[in-house]
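Chains R and L are the protein sequences, given in the same order. With our numbering, the residue at position 156 of the first sequence is 156, and numbering never jumps. With our numbering, the residue at position 6 of the second sequence is 6, and numbering never jumps.
Hint data in this document are derived by calculation from the structure and do not stem from the laboratory. Glycine is no exception: its CB is placed at the ideal position from the N, C-alpha and C atoms. Treat the hints with care, since some could be wrong.
[As the list claims (entries may be wrong)] Derived list of chain R stretches under chain L, where covered just means 3 residues or more per stretch with a C-beta under 8 angstroms from a C-beta of chain L: (1) 176-189; (2) 219-227.
[What the hints assert, rightly or not] If you want the footprint, here are the derived chain L segments under chain R, 3+ residues with CB under 8 angstroms: (3) 14-23; (4) 41-50; (5) 112-124.
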Amino acid sequence: MTISKNYYKAQLLGWSVYVLIATVVFIMTGSDITFELFGGIYLVFALGLIVSHYYRYAIIKLGWLKKDIISLIPRVILACLGLAVGFHSVYLTIGNFAFGWGFQFSWTDPNLITWAMLFFIWNLIYFSYIFFQRFRNEELKNAQLEATRNEYELRRLKDQMNPHFIFNAMNTIRALIDEDPVKAKNAVTQLSNVLRSSLSTGKHELISLEKEIVIVKDYLEIEKARYEERLMVKWRIEERSLKSMIPPLMLQTIVENCIKHGINQLPDGGTIEINSRVVNSIVEIEVLNPGRFDPDKKSEASLGIQNTKNRLSLSFGDHASITYKNTRDNRVRTLVVIPLNTNSL
Amino acid sequence: MIRTLIVDDERLARQELKSLVADLPEIQVVAETGKPTEALDLIERENPDLIFLDIQMPGMDGFELLEQLTGRAPEVIFVTAFDEFALKAFEVNALDYILKPVEFSRLEEAVKRVSKRIETRKKQTENKEPEGMLEPNDQVFLKDGDKCWFVVLENIRLFESEGNYVRVYFDDQKPLILKSLNSLTDRLNEKYFFRASRKHIVSLRWIDKVETWFNGGLLVILKDGTKVEVSRRQSVKLKELMAL
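So that you can see chain R by itself, here it is in the shape it has in the complex (with noise of 0.2 angstroms):
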């Protein structure tokens, strides 16, 4: 729209400006103001409006816009050239018809080279908008692009910090720094190992479950401050699955599920199971926590599910998966396989 619109004003603007200058010459030089002189002048106000803007049609048209400089420019001067040839000789027909001139068309009229280099003028200044327009919009975009990257890495973070958890972990301390001071203590540290994690995840695409253990651990740890009797855990770790690898954070988040969407939504709480197994160089990781899901409902926990099913695909194609269902003894089993050996893929 304002392109268009700029287009427009730059063509009477040129065009007009050739009238002048034309003049100005005319006049110096001091020739005869005559009629005709006038009527030449105008004449290639009125051809060079018409003529240029069919051939901005055919720029557009043949895709000229999109192309690069090198290879518009022996388009362009073609162009000009061809552009000269044709504008003379309906300035010549027209001229002779209207002002009764008389002039033949010749090869070697200099006007031809007036001509070419009037339009050679028109496509520097075309050409010239048309890149920096380019230039302005690609850098729009990539600042549109940054923007939304950083945008996308806050919430990322934001949603890795859990404010809900931070919040209700650093309430619990306040309190445990009266009753139970080594409790709050080592809650503190116990939170700061969490929170460390969470900042330095981004680092790394898979990290040993062995690793993630000490996490979970840790969050656990203040989850139980928080929940007292109402949180129970228990592991089952098979030694040799500790050096496979896994998305950093994956156990975390299925723990975090299971506290937020299960023992938080139980007046009097329960016990999450944690287990891992390796069969036939496949790792098993298995959390069982007390509650029921719907699988109709789209929540967030099926929201950070989806995630790791995606992260998971990302870093183990089709060797991984994850899955959950309810289970009759009124749980939630969460099952993710992984190979035992990331390095035989």
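Given chain R's structure and the hints, the job is docking chain L onto it.
Leaving out everything else, chain L in the frame of chain R:
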């Protein structure tokens, strides 16, 4: 003395709050509980002036708990760690809330605000009415979707039944709440509220004009211009009420 109840599913959170309010002499903690269902009984039995209420609790969240109250709603200060959703609701409706971990000065401010309201209410209800009935200056808790309000009864102009729901008209709001008009009739004092028909309960103090309507019925025009038809049977009652 502000008789206070603390409701939070975490013992340590209750402990923390108790130790904070210990420095506020006007607060007297009469009971505490971690279970929302127990909280309902305690509210009925202890009739506290104020509740410190956690939002996220197992089984029933803080808002749901308030919705279950049948009598007048005590003053409530919500206590929450971080809940973008709830915080928005608070700010829109100017409900009192404090954030965990609790800052003493914020707590003090919130308590100051509610204690002012409690005082005025106590003054107004010195000549006591029969138990169980709501007084004009009692407040009730209303919830419609994500929005919630504490409304002083005398600001309510009209209750209108819509299927299993009742639409409540006050200020510029008209939320839909899950209650029956009959259950409301039992709790509203006849001195202030009148059952105009099967569909409507109007506030007597909001009536502007009464006009005769056909079939011996009446038409009540409220101060905001709302017109409510009064059924024939109830018209007789209304005439008796309005006559000296």
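Hint by hint, here is what the structure shows:
For the stretch 176-189 of chain R, the stated coverage by chain L is satisfied: 3 residues place a CB nearer than 8 angstroms to a CB of that chain, which reaches the threshold of 3. With 3 residues carrying a beta carbon less than 8 angstroms from a beta carbon of chain L, the stretch 219-227 of chain R meets the three-residue requirement, and the given coverage holds. Chain R is given as covering the stretch 14-23 of chain L, and this holds because 3 residues of the stretch bring a CB closer than 8 angstroms to a CB of that chain, at least three being needed. Counting residues of the stretch 41-50 of chain L whose CB falls under 8 angstroms from any CB of chain R gives 0; the rule of at least 3 is not met.
Counting residues of the stretch 112-124 of chain L whose CB lies closer than 8 angstroms to any CB of chain R gives 0, which falls below the minimum of 3, so the coverage claim is violated.
Checked against the numbered hints above, the structure breaks hints 4, 5 and satisfies the rest.
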